[in-house]
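Novice: Keeping their order, the protein sequence lines are chains R and L. Residues 1 to 440 in the numbering used here are what the first sequence lists, from first letter to last. Residues 441 to 697 in the numbering used here are what the second sequence lists, from first letter to last.
Fair warning: there could be bad hints in the mix.
[What the hints assert, rightly or not] Straight-line Cα separation of at most 27 Å, DSS-like style, residue types lysine-lysine; simulated pairs:
| no. | chain 1 | residue 1 | chain 2 | residue 2 |
| --- | --- | --- | --- | --- |
| 1 | R | K320 | R | K396 |
| 2 | R | K74 | R | K263 |
| 3 | R | K396 | L | K593 |
| 4 | R | K396 | L | K569 |
| 5 | R | K110 | R | K157 |
| 6 | R | K431 | R | K414 |
[As the list claims (entries may be wrong)] One side only, chain R facing chain L, incomplete, derived with CB under 10 Å:
| no. | residue |
| --- | --- |
| 7 | D339 |
| 8 | P381 |
| 9 | A406 |
| 10 | L407 |
Because the hints were derived from the structure by calculation, they are not lab data. Here a beta-carbon is modelled for each residue, glycine too, at the ideal position from N, C-alpha and C.
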Amino acid sequence: MAHPTRIEPSILHKLAKHLPENGSARWTNVRQKSMQQLNSTQFPHKKIEEWRFTDLRPISRTEFTHINDAGTYKASDIEKYFIPESDRSRLVFINGRYNETYSSIGGLGKGVTVGNLSRFPDDENVLEYLNNLVNYDDVFTLFNGLMFEDGAYIHLKEGAKAEAPIQVLNLYTGSEKPFIANPRMLVVAEEDSDVTIIEDHIGLEENSYMTIPVSEVKVKQRAHIHHVRIQRDNENAFHISRPIAYVEKNSEYHSYTITLGAKLTRNEPRVVQEDEEVDFTLDGLVLIDGEQVADTHSVMDHRFSHANSHQLHKVVVNGKAHSIFNGKIFVRRDAQKIDSFQENRNLLLSYDGLVNAKPQLEIFADDVLCSHGATVGQLDPEEVFYLQSRGMTEEKAKEVLTYAFALETIENVKVDSVHKLLIDEVYRYTKANSNPKVTA
Amino acid sequence: MLEIKNLHVEVEGEGTEILKGVNLTINKGEIHAIMGPNGSGKSTLAKIVAGHPEYEVTKGDIIYNGESILELDPDERSHAGLFLAFQYPVEVPGVTNNTLLRESYNTIAASRGREELDPLEFDDYIREKLELVDMKADFLERSVNTGFSGGEKKRNEIFQMAVLEPALALLDETDSGLDIDALRIVADGINKLHHEENSVVLITHYQRLLNYIIPDHVHVMIGGKVVKSGGKELALELEEKGYDWLESLATVNGEAK
Numbered sequence: 001m002a003h004p005t006r007i008e009p010s011i012l013h014k015l016a017k018h019l020p021e022n023g024s025a026r027w028t029n030v031r032q033k034s035m036q037q038l039n040s041t042q043f044p045h046k047k048i049e050e051w052r053f054t055d056l057r058p059i060s061r062t063e064f065t066h067i068n069d070a071g072t073y074k075a076s077d078i079e080k081y082f083i084p085e086s087d088r089s090r091l092v093f094i095n096g097r098y099n100e101t102y103s104s105i106g107g108l109g110k111g112v113t114v115g116n117l118s119r120f121p122d123d124e125n126v127l128e129y130l131n132n133l134v135n136y137d138d139v140f141t142l143f144n145g146l147m148f149e150d151g152a153y154i155h156l157k158e159g160a161k162a163e164a165p166i167q168v169l170n171l172y173t174g175s176e177k178p179f180i181a182n183p184r185m186l187v188v189a190e191e192d193s194d195v196t197i198i199e200d201h202i203g204l205e206e207n208s209y210m211t212i213p214v215s216e217v218k219v220k221q222r223a224h225i226h227h228v229r230i231q232r233d234n235e236n237a238f239h240i241s242r243p244i245a246y247v248e249k250n251s252e253y254h255s256y257t258i259t260l261g262a263k264l265t266r267n268e269p270r271v272v273q274e275d276e277e278v279d280f281t282l283d284g285l286v287l288i289d290g291e292q293v294a295d296t297h298s299v300m301d302h303r304f305s306h307a308n309s310h311q312l313h314k315v316v317v318n319g320k321a322h323s324i325f326n327g328k329i330f331v332r333r334d335a336q337k338i339d340s341f342q343e344n345r346n347l348l349l350s351y352d353g354l355v356n357a358k359p360q361l362e363i364f365a366d367d368v369l370c371s372h373g374a375t376v377g378q379l380d381p382e383e384v385f386y387l388q389s390r391g392m393t394e395e396k397a398k399e400v401l402t403y404a405f406a407l408e409t410i411e412n413v414k415v416d417s418v419h420k421l422l423i424d425e426v427y428r429y430t431k432a433n434s435n436p437k438v439t440a
Numbered sequence: 441m442l443e444i445k446n447l448h449v450e451v452e453g454e455g456t457e458i459l460k461g462v463n464l465t466i467n468k469g470e471i472h473a474i475m476g477p478n479g480s481g482k483s484t485l486a487k488i489v490a491g492h493p494e495y496e497v498t499k500g501d502i503i504y505n506g507e508s509i510l511e512l513d514p515d516e517r518s519h520a521g522l523f524l525a526f527q528y529p530v531e532v533p534g535v536t537n538n539t540l541l542r543e544s545y546n547t548i549a550a551s552r553g554r555e556e557l558d559p560l561e562f563d564d565y566i567r568e569k570l571e572l573v574d575m576k577a578d579f580l581e582r583s584v585n586t587g588f589s590g591g592e593k594k595r596n597e598i599f600q601m602a603v604l605e606p607a608l609a610l611l612d613e614t615d616s617g618l619d620i621d622a623l624r625i626v627a628d629g630i631n632k633l634h635h636e637e638n639s640v641v642l643i644t645h646y647q648r649l650l651n652y653i654i655p656d657h658v659h660v661m662i663g664g665k666v667v668k669s670g671g672k673e674l675a676l677e678l679e680e681k682g683y684d685w686l687e688s689l690a691t692v693n694g695e696a697k
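Excised from the complex, chain R in its bound form:
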């Protein structure tokens, strides 16, 4: 395969010389296509509207090394990240590579196939959907298409109900040098099937790395998917994620993304409606501090009539952290009777925090109900006083109010241990941030 010639910046170009050799003819095809597009794709910068608020120079200035040369450490003591409900339905990827030792599959009942993509080179769904559902055309997605080495594959036959939630655990190890991981996931839920997926990204050490998870989800007629995405990368990591879901007639897709880690996050969840009578959720909770940057650019694309969609995106910012939200809601011309809710609420705990909020509604149908709102505020002094007058210290009152603010977005997570884990994470954040730091 010819090497790409114009990938920017040069570091990606250099890495692209190490093309993975594994996979089927289909994979080779994906790589070739990605490379072709990469050659004519610009590396994003702040003059492009979509990247106006997010500075990518920390990425373009990092000397990433191919993972084989990065001096990665062994992953140890990782059992604590296993959720008990997924004791026999767990896929573990370390730096984007499948780990059979830690994975445990087979507890999902009839009609559910779970495994790593490279085990299914000629599976008809892989052939049909892999890389065909992504509609992103940016450098990062294309780079993943060029460099991915494996991924999670989840398939549910018609009428199959997964007996346990599936945990897709993405771990990133320590390393001598910065590296890039390219995790992938393909989920195909046939008619009337039902599955819960817990996707978790965890940085094990404090090293710099970049992960570019790309996931493709196909929800066929009357199927249900509950998708929880937890991002716990370390504070020197870059996390650029591209999850997209297609929803068919009478199907439901509910996704909850919790962003806690990474120095820089760019999350671009999308849901595309493929027929009438669908119900989908794209909720998010972002808790950031220090110099973290967390950017969510989402798309909810209503293409047919009768859809219910819901997006509650809540953000707590402390220190000098920076949150960006751009929520696009498209309602196409013939998509009548749409009921779409979008709300972006930002809580600023510090003087130096920054929030950019940009709801974006493009509605071409006339019989629709679209509510949207964006607020940026501090804790209400009246609420703080109320709790203080009931005996709580100011610090405790602020902690309770921040906790309560954040909690709303995770109460629909229906796997008990994950719900509890998220409550603990929220608690840990509010505890650590109840005394806003005044930075000079």
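We have chain R already, so just place chain L on it with the hints.
Specialist: Using the frame of chain R, we list chain L on its own:
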């Protein structure tokens, strides 16, 4: 128990004087009613006693059990036994009544040297108190005031008072927005909670509440001052004559209203 001496108060940073020399003494076991037209400073007085940070005391003092409380934070005042029932109780989504009250009860208990209660003990304790304000147990698991009707919010304030057992309770227009049945429930609750060791200050526009709770003293505030004090019959007189006949008292000594 509480002595307010020549209290002058401004809105923090604005320089508008709201209280212009309030004097008031409340003894243990007494019920006081403070009445007055809108904007007379009644609610401000209640908030300032509870320690609201929006206001600044420019002159005078508030003495509680022999010591000035001006330097105390709102939580410290609550620990000392003060309680304010809010005119507009605040909604706190995500925090249940039960959680808030257990937290409050135990913090106050710890600071007053009482025994803290574990969740089971607290559950028994709190259920008795529910009956006082005629509320169902599922009320405990609802987020504080969230989605409550106006009447439920007011009853919740009295319920909190019942649980926290303050030595001095200031009830800021707890009667407003209540229908006649709810008013009776709230008034009954307050009467049951009052005894010779604690004091209650009712802030109200209307004489109506005082049909149910008989005050020992009635004060009228106009223009940031207490212009007249008397017994329970003063409330009836106000009901009959309105506040106009007292307006002139607010400008005694040539001071502005």
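Novice: Hint by hint, where does the structure go against what was stated? Just the numbers, ascending.
Specialist: 7
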